[in-house]
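There are 2 protein chains.
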Amino acid sequence: VKVVALAGGTGAAKFLRGLVDVMPAADLTIVGNTGDDLEMWGLAISPDLDTVAYTLAGLVDEAKGWGVKHDSFSCRDAMAALELPTYFALGDRDLAVHLHRSERLRAGEPLSQVTGDLARRLRLGCRLIPMSDQRVATEIETPGGWLSFQEFFVRERCRPAVLGVRYVGAEQAAPAPGVIEAVLAAERVIICPSNPVSSIGPILAVAPIRRALAATRATVVGVSPIVGRAPVSGPAGKMMEARGVEVSAVGVAELYREWLDALLVDRGDADLAPRIAEHGVRALPTEIIMRDHAAEVELARAVLDVAL
Amino acid sequence: VKVVALAGGTGAAKFLRGLVDVMPAADLTIVGNTGDDLEMWGLAISPDLDTVAYTLAGLVDEAKGWGVKHDSFSCRDAMAALELPTYFALGDRDLAVHLHRSERLRAGEPLSQVTGDLARRLRLGCRLIPMSDQRVATEIETPGGWLSFQEFFVRERCRPAVLGVRYVGAEQAAPAPGVIEAVLAAERVIICPSNPVSSIGPILAVAPIRRALAATRATVVGVSPIVGRAPVSGPAGKMMEARGVEVSAVGVAELYREWLDALLVDRGDADLAPRIAEHGVRALPTEIIMRDHAAEVELARAVLDVAL
Numbered sequence: 003v004k005v006v007a008l009a010g011g012t013g014a015a016k017f018l019r020g021l022v023d024v025m026p027a028a029d030l031t032i033v034g035n036t037g038d039d040l041e042m043w044g045l046a047i048s049p050d051l052d053t054v055a056y057t058l059a060g061l062v063d064e065a066k067g068w069g070v071k072h073d074s075f076s077c078r079d080a081m082a083a084l085e086l087p088t089y090f091a092l093g094d095r096d097l098a099v100h101l102h103r104s105e106r107l108r109a110g111e112p113l114s115q116v117t118g119d120l121a122r123r124l125r126l127g128c129r130l131i132p133m134s135d136q137r138v139a140t141e142i143e144t145p146g147g148w149l150s151f152q153e154f155f156v157r158e159r160c161r162p163a164v165l166g167v168r169y170v171g172a173e174q175a176a177p178a179p180g181v182i183e184a185v186l187a188a189e190r191v192i193i194c195p196s197n198p199v200s201s202i203g204p205i206l207a208v209a210p211i212r213r214a215l216a217a218t219r220a221t222v223v224g225v226s227p228i229v230g231r232a233p234v235s236g237p238a239g240k241m242m243e244a245r246g247v248e249v250s251a252v253g254v255a256e257l258y259r260e261w262l263d264a265l266l267v268d269r270g271d272a273d274l275a276p277r278i279a280e281h282g283v284r285a286l287p288t289e290i291i292m293r294d295h296a297a298e299v300e301l302a303r304a305v306l307d308v309a310l
Numbered sequence: 003v004k005v006v007a008l009a010g011g012t013g014a015a016k017f018l019r020g021l022v023d024v025m026p027a028a029d030l031t032i033v034g035n036t037g038d039d040l041e042m043w044g045l046a047i048s049p050d051l052d053t054v055a056y057t058l059a060g061l062v063d064e065a066k067g068w069g070v071k072h073d074s075f076s077c078r079d080a081m082a083a084l085e086l087p088t089y090f091a092l093g094d095r096d097l098a099v100h101l102h103r104s105e106r107l108r109a110g111e112p113l114s115q116v117t118g119d120l121a122r123r124l125r126l127g128c129r130l131i132p133m134s135d136q137r138v139a140t141e142i143e144t145p146g147g148w149l150s151f152q153e154f155f156v157r158e159r160c161r162p163a164v165l166g167v168r169y170v171g172a173e174q175a176a177p178a179p180g181v182i183e184a185v186l187a188a189e190r191v192i193i194c195p196s197n198p199v200s201s202i203g204p205i206l207a208v209a210p211i212r213r214a215l216a217a218t219r220a221t222v223v224g225v226s227p228i229v230g231r232a233p234v235s236g237p238a239g240k241m242m243e244a245r246g247v248e249v250s251a252v253g254v255a256e257l258y259r260e261w262l263d264a265l266l267v268d269r270g271d272a273d274l275a276p277r278i279a280e281h282g283v284r285a286l287p288t289e290i291i292m293r294d295h296a297a298e299v300e301l302a303r304a305v306l307d308v309a310l
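As they're listed, the protein sequences go chains Z and Y.
Start counting at 1 in the first sequence, then tack on 2, and there's your number in the working numbering.
Start counting at 1 in the second sequence, then tack on 2, and there's your number in the working numbering.
Source of the hints: derived by calculation from the structure; they are not laboratory data.
Every value quoted in this text rests on a predicted model; they were computed, and no experiment measured them.
Beta carbons are placed, not taken as given, at the ideal position from N, Cα and C, and that holds for glycine.
Incorrect hints may have been included.
[Claimed, not checked] Now the in silico label distances, taken between C-beta atoms and shown as ranges: (1) Z:307 <-> Y:109: 46 to 56 Å; (2) Z:41 <-> Y:23: 52 to 62 Å; (3) Y:83 <-> Z:183: 29 to 39 Å; (4) Z:157 <-> Y:306: 24 to 34 Å; (5) Z:66 <-> Y:72: 20 to 30 Å; (6) Z:109 <-> Y:174: 16 to 26 Å; (7) Z:166 <-> Y:83: 38 to 48 Å; (8) Z:183 <-> Y:163: 52 to 62 Å; (9) Z:213 <-> Y:146: 52 to 62 Å; (10) Z:41 <-> Y:125: 35 to 45 Å; (11) Z:119 <-> Y:72: 48 to 58 Å; (12) Y:146 <-> Z:41: 36 to 46 Å.
[As the list claims (entries may be wrong)] Taking lysine to aspartate or glutamate and the EDC-like style, the derived pairs with C-alpha atoms no more than 16 Å apart in a straight line are: (13) Z:4 <-> Z:189; (14) Y:71 <-> Z:79; (15) Y:4 <-> Y:23; (16) Y:4 <-> Y:307; (17) Y:66 <-> Y:294; (18) Z:71 <-> Y:79.
Work out the full structure: start from the sequences and follow the hints.
Here is the structure:
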C-alpha cells in the first residue's frame, strides 16, 4: 500500500517511527513542513524535516523531541563567549546536517534534492520531501507585531497572544517534485498528529497540494493533535482560536473538512463524533497518546487499518 | 614605538605572544597571511589569522599549534557518519569563529572588518588585519599538478616534491585598508619567523605592500625560520628550493633583500653573517628557538632592541 504522510515535527516523527514498523518504509513518502525553517549562524535550518529524519534514524534527543541525542554544545558555548546570538541552540553533531544542507543550497541545489540525499545518508528507507523548494514562512501576529514562527516559538516561548497566522510565499510556492504525484498515486494519505495551523497549515497553504488532497482517490486519515480541549503539546490551541475554530477534534476536522475522510480521536472524545460528522469526517475513537514506542506502533496500525 | 608585524601561522603566533608582553598591544598592527585560506563545509576559514588570534587570546591548542585548546570534534564525527569529507578537522568551538566569519562575508562585509571585529571579541588589544580583502590563493606545483596550499599541506602532508609556488590573484589584490598606512607610519616592521614562501610570500606578492616595505622609514627586522639547513617546522625547505634560494638564513635574506635591514639568525649560524651581508642585510645571531614562553618574550625583546 502506497502511503503519503503530511508531517510536522515531534508528534509526527513519533507517529512515523511507529508507521515504519508496520509497513515497508520504501512504500512511504513523507511530505514535511518547511514553514518554520530559519536561518541561524548563517545556516539553513529545517527543524521539522530534521526532527523527522533524526527520529527515524534513531538519532533524536528523546527528552527534547528534536536535535541529536547525547549532543554537545561546544560551538554554542564558543558563540556565547564571542557574545554572538545563541537563542536557537544548535548542537555540535546537529551542525553537520545544517552545514551540509547550507553548502548545497548555496551551490544552487533545491532543498528537496538535498533532503533526499540526507535521508539516504541517514538510511531512512522512506522518501522525505519538503512541501516546497521555495521558501514559505509561517508568521504569527501578536500584539507586538508579526513574528517569524521561531521567534514566537523559541525566543518568545509561545507566550504572546496569537492574533493571526500567515504563510508568506505560499501563493507563489510550487510543491516540491514528487509531492503531487505521490498524493495522487497513494492509496492512503495520513495527516500526522501535528499542529493543524503551524505544521500542517503551511503544507496546505501550497494550493496544488490542497487540490491534490481533494482529487486523490486515497483514503485520507488524520490523527487529532488535540485531546479534549487542549493540544497534546505546543501552541496549537492559541493558533486554532486565531483561525476561528474550536480547540478540539471538531476544530481539527473543520480545518481539514474539504478532503479528510476519517479522524482518529481520543477515546475520551468519542462524544464529539456527531459534531465531527457534521464536517463530513468520520471520527474513530482510539488511544492517540503515544506514551512509548509500542503506542506509536499501535496508533500507526490503527491508521493503516481504517476501512471506510 | 609603532610596530607592524607580517605574520604567518604557528611560529609567528608564538613570537607575537612574546611581543605583546614587551610592548603595548595597542601600538601593534599584525598583517596576516590569507594565502592559505580555504573553504570547508561551506565555511570561510582563515587558518593563519585564526592561529594568531587564538594564540594571543590564550585559546590555542598548544600541542597542535592551531585550533582551540580542549576542543571537541562532535561535528566532525557526525560529518564522518554522513560520509562527508573531514580531511581538514574543524573543532566544535573553532566552528563558532568560522560560522560567524562566513555569515558576515556572505552578507558583503570585507574580511578586514570581520577580522577586526573578531579581534575585539577575543580582546586581543592589538590590530589584526588580513593582507588583503581580496582572495589570494597560494598554490603549490607538484609532479601531480597544482594543489591548493591546504591540499598540499593537510591532505598530502607536504609529501609531494615542490616544483613551484604561485599566488593566484595577488596581482589584482589590493592591500586591506590600513595595511599600507601602518607600514609607512611604523617605526619598526617585523617579519615574523614564518615560512618565507608560503606565509610571508603571499603578503609580499601584493605589490603595494612590497613597495611600502621599500618606502617605509621603519627599521625592518626579520627572524629567520631556518636554523642551519632546515626549517624550524613545516615545508619551508622544499619551497625555498623551488624558489631557487639556499635553504638557510642566507636564502631568507635573499628573498627579503630589497627592504630587509636586519635578520635575527640562530647562534649556530653566526658564520653565515658575511654571506647575509652580501644581500645588504645585517645578521644578528641570537637564540631564535622558542622553547617556552620565556623564550618567546626574549626573542621579541631582541627584535625590538635591534639598533642599526
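Report task. Mind listing which of the numbered hints don't hold for this structure, in increasing order? Result -> 2, 4, 10, 11
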